[in-house]
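Asker: Order-wise, the sequence lines are chains A and B.
For the first sequence, the working numbering assigns the number 1 to the initial residue and increments by one for each residue that follows.
For the second sequence, the working numbering assigns the number 1 to the initial residue and increments by one for each residue that follows.
You may find that some hints are simply not true.
[Claimed, not checked] Simulated restraints on C-beta separations:
1. B:Leu427 - A:Leu61: 35 to 45 Å
2. B:Asp106 - A:Phe92: 38 to 48 Å
3. B:Thr181 - A:Ala134: 18 to 28 Å
4. A:Tyr86 - B:Arg311: 51 to 61 Å
5. A:Ile76 - B:Glu340: 56 to 66 Å
6. B:Tyr394 - A:Tyr86: 52 to 62 Å
7. A:Val138 - B:Thr264: 12 to 22 Å
8. B:Arg311 - A:Trp156: 55 to 65 Å
9. B:Gly207 - A:Leu68: 52 to 62 Å
10. B:Asp376 - A:Val138: 50 to 60 Å
11. A:Trp156 - B:Tyr394: 21 to 31 Å
12. B:Gly361 - A:Ile218: 38 to 48 Å
13. B:Asp376 - A:Leu61: 51 to 61 Å
14. B:Tyr394 - A:Arg276: 51 to 61 Å
[Unchecked claim] Calculated cross-link-like contacts (lysine to aspartate or glutamate; reagent style EDC-like; alpha-carbon spacing at most 16 Å):
15. B:Lys219 - A:Glu215
16. B:Lys219 - A:Asp172
17. B:Lys280 - B:Glu319
Hints in this document: simulated from the structure, not taken from any laboratory.
The beta-carbon is built from N, C-alpha and C at its ideal position, and this holds for glycine as well.
These are the residues of each chain, in order.
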Amino acid sequence: MSGVFHAAILFLVAAGLQVVFGVQKIFNLACGSFYALGAYVGVSAVQAFTAAGGPPWLFVLPLAAAGLGVGAVGVIVERGLLRFVYDRDETFQLLLTFAVVLMMEDALRLTWGTAPRSTSALYLTYGQVRLLGAAVPVYNLIVIGASLAIALGIGWLLTRTVFGRIIRATADNREMAEALGVDIGRVYARVFTLGTALGTLGGALVIPATAAMSEMGIELIVEAFAVVVIGGLGSMRGAFVGALVVGILRSVAISVYPELEMLVIYLIVIAVLVLRPRGLFGGAAA
Amino acid sequence: MGTSRRDFLKQAGAGVAAVSVVGLPAAARGQARPGVPATPVKIGVLPIRAGIAAPVGAAGLRGTEWWAERVNKSGGILGRPVQLVVEEESNPKDTVERFRKLVLQDKVDIVLGGISTGVTLALGQAAEEMAFPWLSWDGTTQKGVDETMPNPKWAFRSVDNEVEAIAAGILTAKYFKGIKTVAGINNDYSYGHDCWQSYQAVLKKLGVEVKPVLELFPKLGVTDFTSHIAAIQQAKPDLLMTSFWSGDATILLKQAAAVGLFKTMKGVFTTAGGVHDSLKKQFTPEGLLLGYNSMYFDDPNGSALLKQFVREYKTKYNEYPPYECDHAYFCAESYKVAVEKAYAGARQWPAKEQLVKALEGIEVESLSGKRSWREDHIQMCNFYQGLTTHKNGYDFVTINPIEVVSTRQAMKPAGAKLLDWINSWKL
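Isolated chain A, as found in the complex (with noise of 0.2 Å):
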């Protein structure tokens, strides 16, 4: 089950990657700093809360909500920076969200300073449960829970709802759907904005098991691309099988020959990559 838990996390973070390439067809360097802006508004939403005389087992209410209202800064980034590179080299687009990293890292340091910041011991407030014969911290089982449902949910918005279907159809033929009327600027704002909200809401689900560090992103961004790599660039199914397969394998891994631990992940995505290029669902934009 510690698989899942980091797979669920993994799984959110690397969805918000792949609605973005999936629509935009950039590769957002940035989504793990993203990752870690959540984390930390996350922790600063649960002391303000718990600060402010709040019950400590609905920490989760302010936790999600900080999370995914922070993900507007997404509409910041994509309307003040991304949209005046879109029509350069991919090379621009990758420097510019690297120049986002760069500069987040440093913004999230003047903010909150260089100490690591936690939610003290607000993971614990929901206990445990025994499943498998493995105590399971409660609290890991309502982000898998939480994942799970985000997972549902953006498959019903891409092939139930209108907005689903524009984004299908921009991410096809951008110059159709703009020959059609689709106001692109807008599509593509709303789009990052989704993808930023995925990470920074990852980021912050998974703070009161850990604690926020500026450079927590990196350790995750890794991961995240070899989740894409084995599920398929752009696909949400990919994101979530690759997120398991990731998640599992680490975890097994771990258990069985530590050493192994990054290797196995990596022997997959080599694997992946010579077998199936494209990677298990790749192909299908979005």
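Assemble the complex: chain A is given as a structure, and chain B must be docked to it using the hints.
Answerer: Then chain B, alone, in the frame of chain A:
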């Protein structure tokens, strides 16, 4: 251990030096002794300001600033006010460049600081090449030092890093009799590997026949140990040993508490006391062996100096000081005492060669009591470890009893090989 935004903005920025004359009353200026320049003494400081060790770096800088204020209020060093020139410790290459800047451009009298092993090994070489005195706060590992600083003339380095693990091994044999199996989780860099190896060697030498059932070495910076904890639960050791020392120790304890890990096994955290404020009672059980490195902030037998420092630190930063304050204070204070010692003989401000000579073997009063520089340029001090308790007025754990292990007990003599030395112990 937060840095306020104002503090950060005031001090931060790679390559941007902060120059300050700290706590200097007007009356203290211009009273230099005969043979002593009237200009301020410039002291270069290199604290880490970003990443996982940033809180430790901040503590070292605060300890130095507190020392400087205290010295300036009492008239400076031989009448010369103290001025700190602060640069940032980051990667080895950049930090060495800043070291050179401090020496060549800022013309400091000495350089203090250095925490990361990779950086301190580079700084040691730079100090030797530039023939300039440098006192390291921390960071020097056995193997690296043997290779890069075998006989330093200008570099003064910290204790052997695995001393915490050796002290913990000695105390494990004392407090956790009857353990048969042990698991280790240590960071995947030289400090983590050295600590795990030393700890096992000490147990073996002391006749504690334990079987290592699991060795985990997560990368530095990993913040999710839930899979590691699941593996530890599966291995069912009698005891878990770790040398985690920063935010990762807190995260490990929190995630361990969430699955009740220490309900079924003992725990040894060799130096997690470095983040003692964050080891809340809700998730840090009683009865763990916890190390505080070379200063225990709550020592009832601590000196008036320690008590004053803790009180003022708490008032100023709203937290309790960790060990690095003591490392930094000791380095600065030993410089002052060495200057005064050399001056007493020559009646003039010492040249750097005379300063280095005066530092060798010197003993000074630091925050944790008497500390000294061994003749081979290694810090000598006490280490504080004990069993965690909830019986205190804080919301985090403290230790009781407090065991004090000196580096004379737990650090190999000059020139000895670590494992050969441990195996040579006469019991």
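Asker: Determine for every hint whether it applies to the structure shown.
Answerer: Hint-by-hint comparison with the structure:
At about 59 Å, the beta-carbon gap between B:Leu427 and A:Leu61 misses the expected band of 35 to 45 Å. Distance hint for B:Asp106 and A:Phe92: a CB-CB separation of about 40 Å, consistent with the stated range 38 to 48 Å. Taken as a hint, the range 18 to 28 Å holds for the pair B:Thr181 and A:Ala134, whose Cβ atoms sit roughly 19 Å apart. In this structure the hint that A:Tyr86 and B:Arg311 lie 51 to 61 Å apart at CB holds, the actual value being about 59 Å.
A C-beta distance of roughly 57 Å is found between A:Ile76 and B:Glu340, which places it inside the suggested range of 56 to 66 Å. Evaluation of the 52 to 62 Å hint for B:Tyr394 and A:Tyr86 yields a pass: the beta carbon distance comes to about 55 Å. A hinted range of 12 to 22 Å for the beta carbons of A:Val138 and B:Thr264 is consistent with their spacing of about 20 Å. Against the hinted window of 55 to 65 Å, the Cβ-Cβ separation of B:Arg311 and A:Trp156 comes to about 59 Å, which satisfies the hint.
Distance hint check: the CB atoms of B:Gly207 and A:Leu68 are about 58 Å apart, consistent with the given range 52 to 62 Å. Evaluation of the 50 to 60 Å hint for B:Asp376 and A:Val138 yields a pass: the beta carbon distance comes to about 55 Å. Range check, A:Trp156 to B:Tyr394: Cβ separation about 49 Å, and the 21 to 31 Å hint is violated. The hint said 38 to 48 Å for the Cβ distance between B:Gly361 and A:Ile218, and at roughly 44 Å that hint holds.
Take B:Asp376 and A:Leu61: their Cβ atoms lie about 59 Å apart, and the range 51 to 61 Å holds. The given range of 51 to 61 Å is respected by B:Tyr394 and A:Arg276, whose C-beta atoms sit roughly 56 Å from each other. With a C-alpha separation of about 13 Å, the suggested pair B:Lys219 and A:Glu215 falls inside the 16 Å cut-off, and the hint holds. Simply put, B:Lys219 and A:Asp172 have alpha-carbon atoms about 40 Å apart, too far for the 16 Å limit, and the pair is violated.
In summary, the hint linking B:Lys280 to B:Glu319 is supported, as the alpha carbons are separated by about 13 Å, within the 16 Å threshold.
When the structure is compared with the earlier hints, violations turn up for hints 1, 11 and 16 and for no others.
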